[in-house]
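Asks: Sequence:
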Amino acid sequence: MPTSSAILTVNAGSSSLQLHLVAGQEIVATAHEERVPDHERVEGMLAEILDGREERVTGVAHRLVHGGAHIRTPLIADDAAVEQVRAIVDVDPLHLEPALAVLAAARRRLPDVPHVLCPDTAFHADLPEPAAVYPLPQEWRREYGLRRYGFHGLSYAWALGRAAELLGRRAGELRLVLAHLGGGASVCAVDRGRSVDTSMGFTPLEGLPMSKRSGSVDPGMLLWLLEGSRLTVEQLREGLYHRSGLLGLSAGRSGDTRDLVRAAETGDADARLALEVFARGAAREIAAVATALDGLDAIVFTGEIGWDQPEVREAVCARLGVLGVSIPQRADVAEDGLVSAPGAAVPVLVVRPREELQLARDALGALGEAPAP
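Per this note's numbering, the sequence shown runs over residues 3 to 375.
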């Protein structure tokens, strides 16, 4: 890849849009919106980040949260691939609808460079069958493609590589539990470079409690809520995705752990409960996926909360003594590294989330170019 060239990375989340221009390991320019932008704002963000740099762009990498059964690896976003994504929008409209809208805008703005779909689900594409299968009727699984897909794969791929560097070992020999804790949250067991279990499943709603998403709850309770005109399907969907998790537990105060830590310190009982439920859920899922491993070389925290919220890391690790994990040093970190005490039986690492760099790497791989070191 020539020194002057760059990859534009596009990360359309459920409530934000992040654009980065990446040259090698350097971020040349960024544009960020903490909400789902409308069409006009998307066009404006693209113009802002490409201003005077358009000729440098040799490819565009689009984060695709859900690749479904067909998009299992990064691939060129031609019309056929776009239609495959459009066919599964109803599985994850929260992420796929904005991703498709931004993809269309970016293809119009940059029609002459390749656009690459980089699915978060690719990291988990080869989950062992016992971890991927749901205990549901076979005809349902076959007809509707019901299986565990797993998510946060771009974050996990980056965290795995960085953990290997920090531990001075090859990724292919490590047994790790990776915890991506952020607005969306999940955990993943990696055995010698391969995802072997993860907490999210068919959609990004399963697993531990999240900022505004419920995580796993009793399906019988959900059926009961849908019976007898208690809730409509749309009311249930809106509540599970937008009014649950930390936000719901804190009685609507906030879905942000930083706000909740401050509130809990002033005696807010709802904020304290929300943090305790979140830490319990994360620890429970970490312990669960660890059973897929024959040993544990380290636990790795990433995501906005995992990287930048020492109080939450401490609360999670305090519940993991059964795995040989001790409470890490409670300190803010400025760079990737160990936060556990020297000689800890199970090292605890933090890795800054760098999905934009992993997106650029995946795009270059799909385009047949070697990523810059």
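Because the hints were derived from the structure by calculation, they are not lab data. Be careful, since some hints might not be right.
What the hints assert, rightly or not - Just the calculated beta-carbon pair ranges, DEER-fashion:
1) Ile78 to Asp220: 37 to 47 angstroms
2) Glu57 to Gly269: 52 to 62 angstroms
3) Glu278 to Glu131: 53 to 63 angstroms
4) Gly269 to Glu42: 38 to 48 angstroms
5) Glu131 to Arg239: 37 to 47 angstroms
6) Arg144 to Ser328: 43 to 53 angstroms
7) Ala271 to Ile29: 37 to 47 angstroms
8) Glu167 to Asp114: 49 to 59 angstroms
9) Asp114 to Gly323: 54 to 64 angstroms
Quick caveat, the model's predicted, so the values are computed rather than measured. Glycine included, each C-beta is placed from N, C-alpha and C at the ideal position.
Asks: All hints are to be evaluated individually against the structure, with a verdict given for each.
Replies: The hints, checked one at a time:
{"no.": "1", "hint": "Ile78 to Asp220: 37 to 47 angstroms", "in the structure": "holds, 42 angstroms"}
{"no.": "2", "hint": "Glu57 to Gly269: 52 to 62 angstroms", "in the structure": "holds, 57 angstroms"}
{"no.": "3", "hint": "Glu278 to Glu131: 53 to 63 angstroms", "in the structure": "violated, 35 angstroms"}
{"no.": "4", "hint": "Gly269 to Glu42: 38 to 48 angstroms", "in the structure": "holds, 44 angstroms"}
{"no.": "5", "hint": "Glu131 to Arg239: 37 to 47 angstroms", "in the structure": "violated, 29 angstroms"}
{"no.": "6", "hint": "Arg144 to Ser328: 43 to 53 angstroms", "in the structure": "holds, 46 angstroms"}
{"no.": "7", "hint": "Ala271 to Ile29: 37 to 47 angstroms", "in the structure": "holds, 41 angstroms"}
{"no.": "8", "hint": "Glu167 to Asp114: 49 to 59 angstroms", "in the structure": "violated, 36 angstroms"}
{"no.": "9", "hint": "Asp114 to Gly323: 54 to 64 angstroms", "in the structure": "holds, 57 angstroms"}
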